[in-house]
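Protein chains: 2
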Amino acid sequence: MKQEFTVSVDAMSGDAGPEIVVGALTQTVLRHPAVRYLLHGDKATLETLLAKHPKLTSHVEIRHAADRVRMDEKPSIALRRGRGSSMWRAIESVAKKEADAVISAGNTGALMAMAMYQLGLIEGIERPAIAAIFPTMRGHSVLLDVGANISTDAEQLVDFAIMGEAFARVVFSLERPSVALLNVGSEEMKGNDAVRGAAQILRKVQLPMEFAGFVEGTDITEGKVDVVVTDGFTGNVALKTAEGTAKLVVEYLRSALRSSLLGKIGAFIASGALQVLRRKLDPRAANGGIFLGLNGVVVKCHGGTDAMGFATGLDMAIDMAKAGIITRIVANRAGVTPVTTETAVS
Amino acid sequence: MKQEFTVSVDAMSGDAGPEIVVGALTQTVLRHPAVRYLLHGDKATLETLLAKHPKLTSHVEIRHAADRVRMDEKPSIALRRGRGSSMWRAIESVAKKEADAVISAGNTGALMAMAMYQLGLIEGIERPAIAAIFPTMRGHSVLLDVGANISTDAEQLVDFAIMGEAFARVVFSLERPSVALLNVGSEEMKGNDAVRGAAQILRKVQLPMEFAGFVEGTDITEGKVDVVVTDGFTGNVALKTAEGTAKLVVEYLRSALRSSLLGKIGAFIASGALQVLRRKLDPRAANGGIFLGLNGVVVKCHGGTDAMGFATGLDMAIDMAKAGIITRIVANRAGVTPVTTETAVS
Chain R
1 MKQEFTVSVD AMSGDAGPEI VVGALTQTVL RHPAVRYLLH GDKATLETLL AKHPKLTSHV
61 EIRHAADRVR MDEKPSIALR RGRGSSMWRA IESVAKKEAD AVISAGNTGA LMAMAMYQLG
121 LIEGIERPAI AAIFPTMRGH SVLLDVGANI STDAEQLVDF AIMGEAFARV VFSLERPSVA
181 LLNVGSEEMK GNDAVRGAAQ ILRKVQLPME FAGFVEGTDI TEGKVDVVVT DGFTGNVALK
241 TAEGTAKLVV EYLRSALRSS LLGKIGAFIA SGALQVLRRK LDPRAANGGI FLGLNGVVVK
301 CHGGTDAMGF ATGLDMAIDM AKAGIITRIV ANRAGVTPVT TETAVS
Chain Z
1 MKQEFTVSVD AMSGDAGPEI VVGALTQTVL RHPAVRYLLH GDKATLETLL AKHPKLTSHV
61 EIRHAADRVR MDEKPSIALR RGRGSSMWRA IESVAKKEAD AVISAGNTGA LMAMAMYQLG
121 LIEGIERPAI AAIFPTMRGH SVLLDVGANI STDAEQLVDF AIMGEAFARV VFSLERPSVA
181 LLNVGSEEMK GNDAVRGAAQ ILRKVQLPME FAGFVEGTDI TEGKVDVVVT DGFTGNVALK
241 TAEGTAKLVV EYLRSALRSS LLGKIGAFIA SGALQVLRRK LDPRAANGGI FLGLNGVVVK
301 CHGGTDAMGF ATGLDMAIDM AKAGIITRIV ANRAGVTPVT TETAVS
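Line by line, the protein sequences are chains R and Z. The opening residue of the first sequence carries number 1 in my numbering; numbering runs sequentially from there. The opening residue of the second sequence carries number 1 in my numbering; numbering runs sequentially from there.
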C-alpha cells in the first residue's frame, strides 16, 4: 500500500524530549493510519521507547541524529553548528522531498533559521510569519505574525493576509475566510502607515477572502474575523497578553471560590463543569505556531508541550500538507501582483 | 475654611450624561470633603439634578457651558468649533489655575487635542501618553502608552518610563516603582530599535526607579513590574486584547456552568464567590485613562462609565493633584538630561 503522506519529526525537541513524541504518535496513528512518520533523533533512545508500542512499528522509521539544538542556543550558532542535529535533519527530509511536513517542539529561532535556509521562501513572499490559533466567542481565529518579524511594511502585511487566508481555508475548512488588519480603531484614518497601506492594497485586489478592514484588540476574542493580521511585535504582545489574562481570570476564579465555605461547596458540586472550562482554556488544544511562507509545511509546538499538544501539532501539519497550503499561498500571491522571480530572504 | 483642591468636571460628558457625574459626586464628597468641584455644563440641567442632593451644594459650583463635544466628533473639528463646550471650559479652569485637575468621560481624541492646546506639554516631554491601570496577580500595574501615539522612538519611551514612575509613585504609593519595557522577549538583543535604545538610556541614568529591562505580554498580568512601558499602538492592542480575553474566559465559565445541572446548582451555591470574581473583573474599578505629560492633571473616564467608575476617576485625579505628579515628572526628566527650553508639540 502506497502511503500518501510523510511527516518528518524532530523527535529530540521540547522540554520533555522524545517520550511526548512517541506518546503523541500512539494517538495520531489512530487518526491518520496512512501517514508515515520519520523520527529524527537518538536511535537507541527512540528504539527503547518504540519497543513499548509495537503498533507504531509499521508507521515509523527512525533516522539517527547524534545532536540536538538546545532551547537557549542562538539561532545563528545553531545554523552554523547544528547540521548534525535532529532539527536540521528533520527539515532536510522536507527539503529532499522525502517528507511533506516537519514538526518540532524545539528552539523557535533556530527552527525558523534552519527552515529558511533549507526550504527557502515561497516565490513572491518577502518574509515568513508565525501564525497562532486563538480561541474566540465563535470558535477559533488565526493571528499572524506572532513573532517572526519585528517590523513589517504594508506589502508584508498583505503577504500575511494571503498566508492567513490560505491557512484558515485549509485548517478551518472555510469557503471564504474573513480577514482584517489589527489596528487601534476601526476608522479608516487610524493606524500607522503599514496598516493603512496594507488596507489600501487589500481593498483593491480580488482575492478569495472577505476583507473586513480594521479590527481592534477586543475583536480578536470576539471572533469578528477568521484571520487577524499584524506585525510580529504587536502579534507577539497580543498573544502573550491574552495568555496572561486568561491565567489571571482563572486565578481570580480560584481564589473567589476558595474565599468562602459556600464557594468551596459550590465549586465541588460544579467540578465537572469547571473541568470543561479548564479543558477549553487548555493551551495544549491550540498549541504551537505554524510557520507560513516557507517552501514546506513547518509546525512548531510549544517547548513545554505534552503528548496531547504534540498530537494536535501533528494533526495540523497533516491537514496543511494534505490540503496543499503552499499551492494555495502561491495562487493567492499571484492574485495580488504577478509573481516576480526575485525572492528576498531578509 | 480654605478648600485646598479644586477639580474641574466636564459634566456633560459620557454616554449617560450629567446624571452619572452627580451620582459620582455624592460618593466622592464623602471621601474628599475638602475638595471643591466646578461643574461645567448646562446650568438648568445641572441645577435640576443637584436639587435632589442638597448635601452637594456647598461643594460644587456650576459653570454654564451651552455646548458639548459629541463622542464621534473629529478632534480637529472639536478644537476649532468647541470653545463653548463643557469640555473646553473644564480644561480652561485648569489652564487659568482655577482648578488643580480636570476630568471628562467624553471624546478621548478631542480631550487630548484640547488639553494639549490649552495646557501644553511639560518642559522636556516630547509627547503625552495615556496610561491605563491593569489588574495583576499581585495587585495593579500601570501600562502606558495605550493610544496617544502611534509610533514612538527611544527618547519618547524614556519619557513614558519617567511619567509612569511618577504615576505609580503617587497613585500606588510606592517608594521605588519597578519599570520595564514591553518587548517580544526578555533577552537584551530582542526587539526593535526604539525599545533597545530606550533600554540603553534607562540602564545608564540615575532615576528613582528599579529599571527591570524587558518584559513580555505574559508578564503584564503577572505583575512582574509596577510600570510597563510601550508605544501607543502595541499598548492599545494589549489593553483591548486583555479586555476581550477576560470577557471570553467569563463567557466560557458561564457556559460551562450552564452545561449541566450540577454546574447550575454549584453556581447557585457559590454565587457569592462568583460575585467577588465579577467585582474583581469590573472595568469600573480601574476605569479610564490618565493623560500624562501635560501641564495639568487630566483624567479621562470610559465613555460608557457609570457613577462608580466616574467616582474612581475623581479619586485618581485628586490623588494625582494632591501628590504633585507634575513636579515629580519634571524632576525625573531633569534626572535624565538637563531640561531644555524647547518644548516640541507634535
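Think of the hints as simulated: they come from the structure by calculation, not from any bench. Beta carbons: idealized from backbone N, C-alpha and C, even for Gly. Take these hints with a grain of salt, some might be off.
List of simulated lysine-lysine pairs, DSS-like, C-alpha gap at most 30 Å [what the hints assert, rightly or not]:
id : chain 1 : residue 1 : chain 2 : residue 2
1  : Z       : K43       : R       : K190
2  : R       : K74       : R       : K55
3  : Z       : K204      : R       : K280
4  : Z       : K190      : R       : K264
5  : Z       : K224      : R       : K204
6  : Z       : K247      : R       : K190
7  : R       : K264      : Z       : K264
8  : Z       : K55       : R       : K322
9  : R       : K280      : Z       : K74
10 : R       : K190      : Z       : K204
11 : Z       : K204      : R       : K224
12 : R       : K280      : Z       : K264
13 : Z       : K74       : R       : K247
14 : Z       : K224      : R       : K280
15 : R       : K247      : R       : K55
16 : Z       : K96       : R       : K224
17 : R       : K247      : Z       : K204
18 : Z       : K204      : R       : K74
19 : R       : K96       : R       : K322
Short, incomplete list of chain R residues facing chain Z, as computed with Cβ under 10 Å [claimed, not checked]:
id : residue
20 : G23
21 : A66
22 : R278
Label pairs and their in silico Cβ distance ranges [to be verified]:
id : chain 1 : residue 1 : chain 2 : residue 2 : range
23 : R       : G84       : Z       : R258      : 52 to 58 Å
24 : R       : S255      : Z       : V205      : 37 to 43 Å
25 : R       : F172      : Z       : R258      : 23 to 29 Å
26 : Z       : S271      : R       : R278      : 54 to 60 Å
Exercise for the section: Let me know if the C-beta of R:A66 comes in closer than 10 Å to any C-beta of chain Z, holds or violated. Expected result: violated, 28 Å
Problem - Given hint R:K264 paired with Z:K190 - CA-CA distance at most 30 Å - result: violated, 44 Å
Practice task
Starting from R:K74, check that the Cα of R:K55 is at most 30 Å away, please.
Solution key: violated, 38 Å
Practice task
Evaluate the given range 23 to 29 Å for the C-beta pair formed by R:F172 and Z:R258.
Solution key: Between R:F172 and Z:R258, where Cβ atoms are some 26 Å apart, the hint holds.
Problem - Distance restraint between Z:K43 and R:K190, which requires alpha-carbon spacing of 30 Å or less - result: Violated: Z:K43 and R:K190 sit about 36 Å apart, past 30 Å.
Handout entry: Pair hint outcome, R:K280 versus Z:K74 [Cα-Cα no greater than 30 Å]
Key = violated, 42 Å
Problem - Satisfaction of hint between R:K74 and Z:K204, Cα-Cα up to 30 Å - result: holds, 26 Å
Exercise for the section: Measure nothing beyond the straight line between the CA atoms of R:K264 and Z:K264; if it is 30 Å or shorter, mark the hint as holding. Expected result: holds, 15 Å
Handout entry: Hint consistency between Z:K247 and R:K190 [alpha-carbon to alpha-carbon, up to 30 Å]
Key = Distance of about 25 Å is within 30 Å: holds.
Practice task
For the pair we were handed, R:K96 and R:K322, check the Cα-Cα distance against 30 Å.
Solution key: Status holds; Cα separation ~18 Å.
Exercise for the section: For the pair supplied as a hint, R:K190 and Z:K204, confirm whether the alpha-carbon distance does not exceed 30 Å. Expected result: Since the Cα atoms of R:K190 and Z:K204 sit roughly 35 Å apart, the hinted pair is violated (cutoff 30 Å).
Problem - R:G84 paired with Z:R258, Cβ distance criterion 52 to 58 Å - result: Holds: the Cβ-Cβ distance is about 55 Å, inside 52 to 58 Å.
In this structure, the hints that do not hold are numbers 1, 2, 3, 4, 5, 8, 9, 10, 11, 13, 15, 16, 17, 20, 21 and 26, in rising order.
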